[in-house]
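Peer 1: Here are the chains, one letter per residue:
Protein chains: 2
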Amino acid sequence: MAQGRPPLALSSISLFIFLSIVLPLHDCLPHSPGSLLKDAAQKASDMAVEVAGYVDVAKQIIDLAVYGAAQNRSYRRLADFTDTIGNRVSGSHNLDKAIKYMYTAMSQDGLDVHLEPVKIPHWVRGKETAEMVLPRTKNLAILGLGSSVGTPPEGIEAEVLVVQSFDELKVRASEAAGKIVVFNQPFVSYGETVAYRAYGASEAAKVGAVATLIRSITPFSINSPHTGWQDYQDGVKRIPTACITVEDAELMFRISRRGQKIVVRLMMGATTLPDADSFNTVAEIVGWQHPEQVVLLSGHLDSWDVGQGAMDDGGGAIISWEALSIIKDLGLRPRRTLRTVLWTAEEQGGVGAQQYYNLHKVNMSNYNLVMESDLGTFTPVALQFTGSNAARKVMEQVLKLLAPINTTKLETHGEGTDISPWMQAGVPGASLHVADNKYFWFHHSEGDTMTVQNPRDMDLCTAVWAVVAYVVADLQDMLPR
Amino acid sequence: MAQGRPPLALSSISLFIFLSIVLPLHDCLPHSPGSLLKDAAQKASDMAVEVAGYVDVAKQIIDLAVYGAAQNRSYRRLADFTDTIGNRVSGSHNLDKAIKYMYTAMSQDGLDVHLEPVKIPHWVRGKETAEMVLPRTKNLAILGLGSSVGTPPEGIEAEVLVVQSFDELKVRASEAAGKIVVFNQPFVSYGETVAYRAYGASEAAKVGAVATLIRSITPFSINSPHTGWQDYQDGVKRIPTACITVEDAELMFRISRRGQKIVVRLMMGATTLPDADSFNTVAEIVGWQHPEQVVLLSGHLDSWDVGQGAMDDGGGAIISWEALSIIKDLGLRPRRTLRTVLWTAEEQGGVGAQQYYNLHKVNMSNYNLVMESDLGTFTPVALQFTGSNAARKVMEQVLKLLAPINTTKLETHGEGTDISPWMQAGVPGASLHVADNKYFWFHHSEGDTMTVQNPRDMDLCTAVWAVVAYVVADLQDMLPR
Chain A
7 MAQGRPPLAL
17 SSISLFIFLS
27 IVLPLHDCLP
37 HSPGSLLKDA
47 AQKASDMAVE
57 VAGYVDVAKQ
67 IIDLAVYGAA
77 QNRSYRRLAD
87 FTDTIGNRVS
97 GSHNLDKAIK
107 YMYTAMSQDG
117 LDVHLEPVKI
127 PHWVRGKETA
137 EMVLPRTKNL
147 AILGLGSSVG
157 TPPEGIEAEV
167 LVVQSFDELK
177 VRASEAAGKI
187 VVFNQPFVSY
197 GETVAYRAYG
207 ASEAAKVGAV
217 ATLIRSITPF
227 SINSPHTGWQ
237 DYQDGVKRIP
247 TACITVEDAE
257 LMFRISRRGQ
267 KIVVRLMMGA
277 TTLPDADSFN
287 TVAEIVGWQH
297 PEQVVLLSGH
307 LDSWDVGQGA
317 MDDGGGAIIS
327 WEALSIIKDL
337 GLRPRRTLRT
347 VLWTAEEQGG
357 VGAQQYYNLH
367 KVNMSNYNLV
377 MESDLGTFTP
387 VALQFTGSNA
397 ARKVMEQVLK
407 LLAPINTTKL
417 ETHGEGTDIS
427 PWMQAGVPGA
437 SLHVADNKYF
447 WFHHSEGDTM
457 TVQNPRDMDL
467 CTAVWAVVAY
477 VVADLQDMLP
487 R
Chain B
7 MAQGRPPLAL
17 SSISLFIFLS
27 IVLPLHDCLP
37 HSPGSLLKDA
47 AQKASDMAVE
57 VAGYVDVAKQ
67 IIDLAVYGAA
77 QNRSYRRLAD
87 FTDTIGNRVS
97 GSHNLDKAIK
107 YMYTAMSQDG
117 LDVHLEPVKI
127 PHWVRGKETA
137 EMVLPRTKNL
147 AILGLGSSVG
157 TPPEGIEAEV
167 LVVQSFDELK
177 VRASEAAGKI
187 VVFNQPFVSY
197 GETVAYRAYG
207 ASEAAKVGAV
217 ATLIRSITPF
227 SINSPHTGWQ
237 DYQDGVKRIP
247 TACITVEDAE
257 LMFRISRRGQ
267 KIVVRLMMGA
277 TTLPDADSFN
287 TVAEIVGWQH
297 PEQVVLLSGH
307 LDSWDVGQGA
317 MDDGGGAIIS
327 WEALSIIKDL
337 GLRPRRTLRT
347 VLWTAEEQGG
357 VGAQQYYNLH
367 KVNMSNYNLV
377 MESDLGTFTP
387 VALQFTGSNA
397 ARKVMEQVLK
407 LLAPINTTKL
417 ETHGEGTDIS
427 PWMQAGVPGA
437 SLHVADNKYF
447 WFHHSEGDTM
457 TVQNPRDMDL
467 CTAVWAVVAY
477 VVADLQDMLP
487 R
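If you're matching them up, the sequences are chains A and B in order. Under our numbering, the first residue of the first sequence is numbered 7, with each subsequent residue one higher. Under our numbering, the first residue of the second sequence is numbered 7, with each subsequent residue one higher.
Any given hint could be a false lead.
When chains are identical, the list treats them as one kind, so a pair holds in a single copy or across two.
Stated by the list, open to error - The list that follows gives simulated cross-link-like pairs (lysine-lysine, DSS-like), each with its CA atoms no further than 30 angstroms apart:
#	residue 1	residue 2
1	Lys243	Lys444
2	Lys125	Lys144
3	Lys133	Lys144
4	Lys106	Lys144
5	Lys444	Lys144
6	Lys406	Lys243
7	Lys267	Lys103
8	Lys106	Lys415
9	Lys267	Lys106
10	Lys103	Lys406
11	Lys367	Lys106
12	Lys103	Lys212
13	Lys212	Lys243
14	Lys103	Lys144
15	Lys176	Lys367
16	Lys399	Lys103
17	Lys444	Lys406
18	Lys144	Lys399
19	Lys334	Lys444
20	Lys243	Lys49
21	Lys367	Lys44
22	Lys133	Lys44
Keep in mind that the hints were calculated from the coordinates and are not lab data.
With the sequences and hints as input, model every part of the structure.
Peer 2: Rendered as structure tokens:
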């Protein structure tokens, strides 16, 4: 889909950086009123000059990742990984295989790889079916939600109460007892609407429902159910909960509004087994000057148990590996350590990442920048960044090095389940913002496959990841807090 | 989604039509060189004046359908119909129910309704599963193709040969014996690419394949298989054939290109039963002056056995009913008979329509215009028309009556499986061209539901259908052949 582009000559890039970064800063010095300001301006200028000094190495990284020998390699690696392993839900054999696969593959690239043990949830979907039996028979495509209990073996057959919101459920609380509550909430945004998936079961149980079927959290559907984690509230009865398709939620909503009685038969074999053994997978290029100081790149290796986990988050994991491979291939070694961490059990609430944080927070002052890619590896549009204003000024200069691939935009607020503990503790954090307008069409569904990826986009994401990580790890100073 | 629009005042519409149609034609008369041309011009002018005389009635129809009491009625009727019946494949009880439903509903609208018996194919899908068992286990979402034979009860387990085209199959014919041939053809257009679904099985059987799995005929997928009819070639062994998803076809293609052996286990319970009894459902407003002369409106009532058949072709059937209801509601009765035919077994190759043609072609000279809506009832963009140049000139004037809803475009070449015998025999034909860019995303899949429809679009389609049918049925003269 994306078009090829010839590499720009080094000289023109260097000139561009010099003109756009260094000259303006020098120009503004004579106008600074006081000496303190002059010092700050001098420092900013020095920093800009230092960052601009990486223009050639950034160009080398971009050339290798996007136009050179590594062209299409991120995509090929992701395809081989997902085609070979398939999806890899927390606690599954496939997740074990995935960790072994990545351990071997990253070691073969000459990276220093080790595993850090984590206990992770082990929820198993089992067989699940749902059928509308009144006013007519219709199979309902469902996906049980992570951590849901199952139904009794004979299933649950009950009348349906369709509501459009938590507010409507409150108003109609007296109608809910003994019923299967169907939530047909409209999609507003993932962040807002996911509350129905996360809390729908407990809210319905509070008013006596026996199960919940929740409209999938997506703006678009081809009768595709989407799974995801859900949270039972303490002290509230745990009832089976699954997502249905947008189409079936709307169907039952229309039927109910005509005053017709709806009965659904639900069967879910879901069960939670004892926690399983797993690992965060860690690969490093150890820094030559400050090996204890770290720039961390990351994506999560687990996925849901549907689709292939190519988008969520195979792509993020692969570019976090590939960024280090590109740097290694170029014979580069930064001052500080580049550490790629492939988290385990992100989908169960960032379990691997939380344990990593608990273990490593003692060294927090050595964490220079934590990076996460978990919103897709489509065309990169910006880097999202959380940090002090001083750190932001450095990052703005670093992003200018990505001018050859037009990805110089720095946005506020890095996001990411897995790096949020660090960011909350004050460590600068960055996440990859891509053209994600279709992301939730595929998210947590059978549609999360290699078909949604393309090689050019992944090369660009890798280039962004590698340039940012390398330069930040190699600058004289750590990012100011 | 579509925005409401206030009705234009009658006077401004009348003035528009007068200025745009009548005046220019009168203006050009003095410049005609000979008397024959003058006659022709006079006739054209007379016709334009006559058609322009319908501006007020067209406005009434549009107002009722789009802004008045019938606003949203096409959508509501389609929703009630599909929600109540569900899908309705040829030979099924649901199709019987659908015919009864429409017979009753159209009778209640005061239309003259009767049924015309047709023998139709009765193919039953049965249970079907497919699984890739090597190089790893993966469930494959499939939909067997209409008329396919089943597998033996124990299924077929065989190695896979993946090809991208019929040409590649020829080149690799020696590799095909005993294998399941997977076609991973790219989607070019439905018209072109559907050849793989229609003829893939026989082409593969000729080179010794034991079954075929064909990439679904769609430009976009959320792991959604699409079914459809297929044609076994006489004298060629009949092997089981199904569509797989774009995603799984690409997956197996990538794996095969890595040189890995793929084995698939296919189980299909498909069987063909003796032909079933069915009916074309016919509703009429009998013409007051030439009851034997007919303008025929149509859509097909059958669907595939997946999804809800809302788009293909519930919408076309409903607007063909609703157009007559609108005309009836306004107390209108044209010179000629308006006849809505809801075809049976279109998906099996236009079986109902072909029988109708065979029975009624003896009266061909009385068929003024045959109309079909079978490409969706999304926003209407044009009317496609097949007929003589003289007939086209009339239709161009008729379409100008749709200026209030900006649907005045007349395109060449009416399409439609069910009206094609008439058009081939020289009867003028018209079909509805809508904004169909997503049509094949849902076509013949579980995604064909009410969720893809919207009320405003259906109102507009109904208005186009009713205005064209009424005016053509009421003009002094039949359309010239």
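Peer 1: It remains to establish, for every hint, whether it holds in the given structure.
Peer 2: Against the structure, the hints come out as follows:
no.	hint	result
1	Lys243 x Lys444	neither (36 angstroms within a copy, 43 angstroms between copies)
2	Lys125 x Lys144	between (40 angstroms within a copy, 27 angstroms between copies)
3	Lys133 x Lys144	both (18 angstroms within a copy, 16 angstroms between copies)
4	Lys106 x Lys144	between (43 angstroms within a copy, 20 angstroms between copies)
5	Lys444 x Lys144	both (29 angstroms within a copy, 25 angstroms between copies)
6	Lys406 x Lys243	neither (54 angstroms within a copy, 64 angstroms between copies)
7	Lys267 x Lys103	between (48 angstroms within a copy, 20 angstroms between copies)
8	Lys106 x Lys415	neither (36 angstroms within a copy, 62 angstroms between copies)
9	Lys267 x Lys106	between (52 angstroms within a copy, 22 angstroms between copies)
10	Lys103 x Lys406	neither (39 angstroms within a copy, 66 angstroms between copies)
11	Lys367 x Lys106	within (26 angstroms within a copy, 71 angstroms between copies)
12	Lys103 x Lys212	neither (41 angstroms within a copy, 41 angstroms between copies)
13	Lys212 x Lys243	within (8 angstroms within a copy, 61 angstroms between copies)
14	Lys103 x Lys144	between (38 angstroms within a copy, 15 angstroms between copies)
15	Lys176 x Lys367	neither (43 angstroms within a copy, 63 angstroms between copies)
16	Lys399 x Lys103	neither (42 angstroms within a copy, 70 angstroms between copies)
17	Lys444 x Lys406	within (28 angstroms within a copy, 39 angstroms between copies)
18	Lys144 x Lys399	neither (58 angstroms within a copy, 49 angstroms between copies)
19	Lys334 x Lys444	neither (33 angstroms within a copy, 45 angstroms between copies)
20	Lys243 x Lys49	neither (60 angstroms within a copy, 81 angstroms between copies)
21	Lys367 x Lys44	neither (36 angstroms within a copy, 94 angstroms between copies)
22	Lys133 x Lys44	neither (69 angstroms within a copy, 79 angstroms between copies)
Of the numbered hints stated above, those contradicted by the structure are hints 1, 6, 8, 10, 12, 15, 16, 18, 19, 20, 21, 22, listed in ascending order.
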